[in-house]
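Novice: Here is what each chain is made of, one letter per residue.
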Amino acid sequence: GAVVSQHPSRVICKSGTSVKIECRSLDFQATTMFWYRQFPKQSLMLMATSNEGSKATYEQGVEKDKFLINHASLTLSTLTVTSAHPEDSSFYICSARDRGNSYNEQFFGPGTRLTVL
Amino acid sequence: GENVEQHPSTLSVQEGDSAVIKCTYSDSASNYFPWYKQELGKRPQLIIDIRSNVGEKKDQRIAVTLNKTAKHFSLHITETQPEDSAVYFCAARGLYSGAGSYQLTFGKGTKLSVIP
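Chains A and B, in that order, give the protein sequences.
All residue numbers for the first sequence refer to my numbering, where the first residue is 1 and numbers rise by one.
All residue numbers for the second sequence refer to my numbering, where the first residue is 1 and numbers rise by one.
If you're looking for bench data, these hints aren't it; they were derived computationally from the structure.
One should not assume that every hint holds.
Lysine-lysine pairs mimicking BS3-like chemistry, simulated, CA-CA at most 25 Å apart [what the hints assert, rightly or not]: (1) B/K22 with A/K41; (2) A/K20 with A/K64; (3) B/K108 with B/K22; (4) B/K58 with A/K41; (5) B/K108 with B/K42; (6) B/K68 with B/K37; (7) B/K42 with A/K41; (8) A/K20 with B/K42; (9) B/K108 with B/K68; (10) B/K111 with B/K57; (11) B/K22 with B/K111; (12) B/K37 with B/K111; (13) A/K41 with B/K111; (14) B/K108 with A/K41; (15) B/K22 with B/K58; (16) A/K14 with A/K66; (17) B/K37 with B/K71; (18) B/K57 with B/K68.
If you want the footprint, here are the derived chain B segments under chain A, 3+ residues with CB under 8 Å [unchecked claim]: (19) 45 to 56; (20) 76 to 83.
Derived Cβ-Cβ restraints for the label pairs, each shown as a range [to be verified]: (21) A/T80 with B/G55: 37 to 47 Å; (22) A/T17 with B/D17: 48 to 58 Å; (23) B/T78 with A/K41: 19 to 29 Å; (24) A/S15 with B/A70: 41 to 51 Å; (25) A/T80 with B/G41: 16 to 26 Å; (26) B/D59 with A/S5: 19 to 29 Å; (27) B/R51 with A/K66: 29 to 39 Å; (28) B/S52 with A/E59: 21 to 31 Å; (29) A/L26 with B/V54: 26 to 36 Å; (30) A/K41 with B/G16: 20 to 30 Å; (31) A/D65 with B/T69: 36 to 46 Å.
Glycine residues also receive a C-beta, built at the ideal position from the N, C-alpha and C atoms.
Just need the whole structure built from these sequences, with the hints factored in.
Specialist: Given below as structure tokens:
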């Protein structure tokens, strides 16, 4: 089946530093990847949609200069949280849409737990 | 945009009983409705999905029904087991934006607890 990996799984950083999270589709090509944020006991909130070779589309209220997204290839998208602050601490999950899937199934990565001290 | 409401937010059932989770959506053009199960600290896992040209779909103990007229869809779990305990999310795919996005809008989730 379609597998999506995410790295790192867990990161702790100091306030003011930048953190890069990678999302990879391992056995399929993903023209579109999605980045979600999930706070404890809450739902997944879409942050941005990342299309290979073009600029990401950000949801309302998500700062594009703070959450930099790059989708340089059909198997890799990265999310960089710049100048992280404690309020950025959250569970970040990516998902990828299989280019060969005629419908809409998305496959989720295992998530990255970010803690900003 | 699409808006998805999910009820109840928490649900406790005795092992062996059935559990039903309901969702409504706002965009009548939505045509894909997946359900995800998420265990604590783990990724959401697709458990079943339904497309708008079908009214019901079953997979062993899990079934999903869709009422397009009323714009609601439901997840039914029969003969519940303790390992069914998790948070369940419904989702709906709204209008294709033209940018290849196929965005999903999620409900707020239902925490299901199956009591042995």
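Novice: For a quick check of understanding: which of the numbered hints are violated here, in increasing order?
Specialist: Hints 4 and 20 contradicted; others consistent.
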